[in-house]
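Student: Sequence:
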Amino acid sequence: MRQRLLDAAAEEFAERGFNAARLTEVARRAGFTKGAVYSNFESKQDLFAELFAQRSLELAGRVLSEIAGMSPSDAAGRSGEAIASSMVRDQGWALLVLEFGVLAARDPQIAQAYQRERRQLRGRLIELIGERAREWGVEDTLDVRTTAISLMALISGLVLEYSVDPEEVDQPAMGAAVTALFAGALATAGPA
Numbered sequence: 001m002r003q004r005l006l007d008a009a010a011e012e013f014a015e016r017g018f019n020a021a022r023l024t025e026v027a028r029r030a031g032f033t034k035g036a037v038y039s040n041f042e043s044k045q046d047l048f049a050e051l052f053a054q055r056s057l058e059l060a061g062r063v064l065s066e067i068a069g070m071s072p073s074d075a076a077g078r079s080g081e082a083i084a085s086s087m088v089r090d091q092g093w094a095l096l097v098l099e100f101g102v103l104a105a106r107d108p109q110i111a112q113a114y115q116r117e118r119r120q121l122r123g124r125l126i127e128l129i130g131e132r133a134r135e136w137g138v139e140d141t142l143d144v145r146t147t148a149i150s151l152m153a154l155i156s157g158l159v160l161e162y163s164v165d166p167e168e169v170d171q172p173a174m175g176a177a178v179t180a181l182f183a184g185a186l187a188t189a190g191p192a
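The sequence shown begins at 1 in the working numbering and counts up one residue at a time.
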C-alpha cells in the first residue's frame, strides 16, 4: 500500500507541483481513500519528503553502482553522464525538488521534513562516495562529505539553469560540470 501511495504521489506532484498537489487525488490514483494516505504519512510534506528521499537515493545508488570497478577518471566521466541524463529525462521531478526546497526555506513545517530527508540523502551519498574512495585507495584523503554536499548543490543549480536555458546549459554541459566536480575532488585527494 505504501509504495502504491508513493508511486501515485510521484505522478500527482510531477503534474501539479507541490503546492497544488492534493492528497485526495494521490489516494484516488493509488486506489485508496484519503484516510489511507494519513494512515501511512503524517502530512503532504512527509509524503513528499519520503518520496524525495527514495528517488534521490535510487539515483545515487544507481550511479555509484555503475562506476564500481572503474578507474577514478572513467568513473568521474560516467557519473557526470548518468546524473545529467537523469536530470534531463526527469526535469519535472528535479524542478519539484527545487520548489520543495524554496518552500522549506519559508515554512518551518516543510523545512523539518526537507532537512530530515536532505540529511539522510547526504549521509547515504557520503557512504556511497566513501565506498568508491576505499576502492580507489583515497579514503584517507578524499573529503567525501564536501564532495557529497557539492554534488547536491551542483545538481540543484544545474536543474535550475537547465530549466531556464536548456540550449546553453544542455545535457553535455551538465555532465561536464558533474564530471569536473568528481575529477577535482579526486585530484585534490591525490593519486589513486
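Since the hints were derived computationally from the structure, they do not count as laboratory data.
Just to be clear, a hint being listed does not mean it is correct.
To be verified - Simulated restraints on C-beta separations:
1. 140 / 31: 19 to 27 Å
2. 62 / 164: 21 to 29 Å
3. 167 / 54: 39 to 47 Å
4. 115 / 62: 35 to 43 Å
5. 95 / 137: 35 to 43 Å
6. 58 / 145: 48 to 56 Å
Keep in mind it's a predicted model, so treat the numbers as computed, not measured.
Built from N, CA and C at the ideal position, the CB exists for glycine as well.
Student: Would you mind marking each hint as holding or not holding in the structure?
Tutor: Against the structure, the hints:
no.	hint	verdict
1	140 / 31: 19 to 27 Å	violated, 52 Å
2	62 / 164: 21 to 29 Å	holds, 27 Å
3	167 / 54: 39 to 47 Å	violated, 32 Å
4	115 / 62: 35 to 43 Å	violated, 24 Å
5	95 / 137: 35 to 43 Å	holds, 39 Å
6	58 / 145: 48 to 56 Å	violated, 22 Å
Hint check: violations occur at hints 1, 3, 4, 6; the rest are consistent with the structure.
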